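Peer 1: Below are the chains, spelled out letter by letter.
Protein chains: 2
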Amino acid sequence: MPSLSDVMAQHNNPVEMLRNSTIGMYVYPVVTPEFRNWRTEQEAWRHSAVLFDQSHHMDELIVEGPQAEEFLAYHGINAFGNFSLNRAKHYVPVTPNGHVIGDHIIFREREDKFILVGRAPTSNWLMFCAAYGNWNVRIKHDPRSTSRPEGERVLRTHYRYQIQGPDAPKVFEKMNGGPVQDIKFFHVDWINVGSKRVQALRHGMSGAPGLEIWGPYEDKHYIHSTILQAARDAGVDLVQCGSRAYSTNTLESGWIPSPLPGIYTGDGMLADYRDWVGSEMYESAGAIGGSFVSDNIEDYYVNPFELGYDFYIGWKKDDFIGKAALQKMKESGTNRKKVTFEWNKEDVLKVIASAFDDGIPYKWIDFPQPNYASSSADMVMHGDKMVGMSMFNGYSYNERCVLSLGVVDQSVEIGDVLTLKWGEPDDTAKTSAEKHRQAEIRVRVSPTPYASEVRTGYAADSWRTKAA
Amino acid sequence: MPSLSDVMAQHNNPVEMLRNSTIGMYVYPVVTPEFRNWRTEQEAWRHSAVLFDQSHHMDELIVEGPQAEEFLAYHGINAFGNFSLNRAKHYVPVTPNGHVIGDHIIFREREDKFILVGRAPTSNWLMFCAAYGNWNVRIKHDPRSTSRPEGERVLRTHYRYQIQGPDAPKVFEKMNGGPVQDIKFFHVDWINVGSKRVQALRHGMSGAPGLEIWGPYEDKHYIHSTILQAARDAGVDLVQCGSRAYSTNTLESGWIPSPLPGIYTGDGMLADYRDWVGSEMYESAGAIGGSFVSDNIEDYYVNPFELGYDFYIGWKKDDFIGKAALQKMKESGTNRKKVTFEWNKEDVLKVIASAFDDGIPYKWIDFPQPNYASSSADMVMHGDKMVGMSMFNGYSYNERCVLSLGVVDQSVEIGDVLTLKWGEPDDTAKTSAEKHRQAEIRVRVSPTPYASEVRTGYAADSWRTKAA
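Protein sequence lines correspond, in order, to chains A and B.
Be aware that the first sequence starts at 1486, since it is given in my numbering, and climbs by one per residue.
Be aware that the second sequence starts at 1486, since it is given in my numbering, and climbs by one per residue.
Note that these hints are calculated values from the structure, not bench results.
Computed from a predicted structure; not experimentally measured.
Ideal placement from N, C-alpha and C gives every residue a C-beta, glycine not left out.
A hint or two may mislead.
Below 30 Å or equal to it, Euclidean Cα-Cα: the simulated DSSO-like pairs (lysine-lysine) are [to be verified]:
1) A/K1906 x A/K1835
2) B/K1669 x A/K1906
3) B/K1681 x A/K1906
4) A/K1835 x B/K1830
5) B/K1830 x A/K1830
6) B/K1835 x B/K1813
7) B/K1681 x B/K1669
8) B/K1681 x A/K1830
9) A/K1669 x A/K1655
Rough simulated footprint, nothing fancy, chain B against chain A, three-plus residues with beta-carbon under 8 Å [as the list claims (entries may be wrong)]:
10) 1574 to 1585
11) 1628 to 1638
12) 1753 to 1764
13) 1900 to 1907
Please put together the full structure from these sequences, using the hints given.
Peer 2: Structure, rendered in structure tokens:
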């Protein structure tokens, strides 16, 4: 099978390669599009309780062995000193040049065994690194479910559910058969779900408190039924969230799921990585969508400072991949900062209105999830100057507006009104976009996370508020 | 298990029962929501070629035995005199009172064996009728696929594909390994798909010529691959149509998929039927959505004259269920007529705009398919007088507007501008709709079918143009 290097060699540059991907939408697979309707499902995580089925859209990587901790600490920016068995971390690997590769949630199941879940770039990178560095670790990779099962059966290693929202605690108590112990944010403990003992992570993806639970996939039906019954017993209207609403929860909480992995440039280890990555893997087959077009793929990279992950960095660690580069970045003063863009209502409606006229319309804004590529990059302009990049879009019924997450130059301030270029300047081969023309949409720069509940609530001490 | 009669007894009337169904959206199951994007997929059936996977959303009923023809002729309005082995029919059963129950496409596989495909009301009714009348027929029922497989495997008796659009003939020739014989509209013949010999129906659901093919479900992967390869070999950009775009093809061609079966009232056979129908079947669990609320469920019924099916009626048949009632209806002069409603752009945008304001918005118009129940009934008003009922909605990227299909009083004329009430006057238990308020949308009464290609093209002699 050809490698990423082989595929790149067939294109003028990797931007051209990725902008012309024909892989289609980056979807949240297998889960039904709408259990009720996406408005009500969005509303539930803010106002009652929501059940997310996260069993299918993430890679899972099990890393175990005598060097498991050492291996992971060396390939992620995170401090590992406080990583006890009852904690989870938001794990961020960067390249030797300090660019973000991706991120996973990492759980420590034993002293020598870790479970990581998230998008493919991090799992692919770690699989390579284990072989490249000749580490004494065993890795089991369970890739995310197929995007288009079309009626074929889909199996995973683990089921994974998250229950969230103001009414979620009542459901937990019923599931557990009694009060649930206090679990701190991003800590893990064991609870009961009916007759099963399961691990639970204190989380809160859409900005409301919640628990994420997981276990063997064969228990999925039992766990699912037990959760729904617990909700009924608790008198809670627990709303199952479908795949159309799912990805938009991050707009309210401020996590950017889709940075382009910074692996298309660089020599040494990175060049070897590109020879290792296969032509059908995420890095080769994925897509860049959006108005920002640069010949230099490094213009799409981001670093941990820009995504608000700098306070994760374990500076005290002897060494880790990217440490020297991050030290330079820290001192550079040129890092952008993460913000939320609030899209102007009239301009959004202008774009939608064009779908009712003859001729080529503006790029359609699909509701609630207008992203049309695995990584999005829309130009955010101040006059003629690009001052930011919008990276993840969606409509929030809770906030009654289209929001996007991205990064802006340090000169940009909260409250600034900038212009987002929506739609691509040229026709690409991307099948996920119709033929369209570009529109300008005014955006107001807003804090991240946007949701006032998150800004003022439990997450005030988390990374989510550190960037803006 | 309780029957429909039992469930009805728990409600004030069947309208209240159906308006408060919690079953959720009536979806096109299993098939991926978007293979490319729904705009491009809609465009393909008009401008290039589209592949519909119809394997999952319809019931299939096999009726065979010495009395198969007699049984079907007695329970449908259609003339059967010309029903040779190489023809298909659009089969319409009505109640003894002449109200439409539903419709299926019926194929004659042998002298004594028929295959029917379509929504549940027709298959349920025929299963009942076979037992009720003590007919010498064997029936095999393959219900449509589950709406939410959630990763479980889904199997059917047959796969079913349709290829359509101006470039479709090039694909057929490659699939067949040579020119395909001329098959007349709604006629059936055998063609090759690679190494398989399959039956093909000349059809054209979205208004463009096409063929529908079917065969054993285990051949599905082979047939699918062979079709895609034939398209590549023919240089045709064959676009696979996802479940979001699929249901909207009928808006351009003019078929109303979702009449409410007229089985909730009437005594004798109909009362016995309601005792036979189970509480989880379509008739009991389905939903009515829309602004039209009447205490009398008969106000939701339609008859064959109103849907443009009157020229199917086999008046020469000695007798068939509903014949006497239809004779009266024919002479009544009160039958409504089928039309297309073209929704006013500004009013549609006003509804969408409300989703950007605080408070309770207008009912969201989801794109491209805003239906939120198995049967839709929206009031169409002329001033204070209800003069029509809108029954199936959707946005057409080809026509750049929202269209709906429905029936209007004889007094209404093409070109009239009426007012459609969009959204429900009260809160129901329907999970498919968010809390909303009603909007008024101007609609222009237009011919059925709406698409100019269909109006002037091959279908000019078909039922589709007879109603308006």
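Peer 1: So which hints don't hold here, by number, going up?
Peer 2: Violated hints (numbers, rising): 2, 3, 6, 8, 10, 12, 13; every other hint is consistent with the structure.
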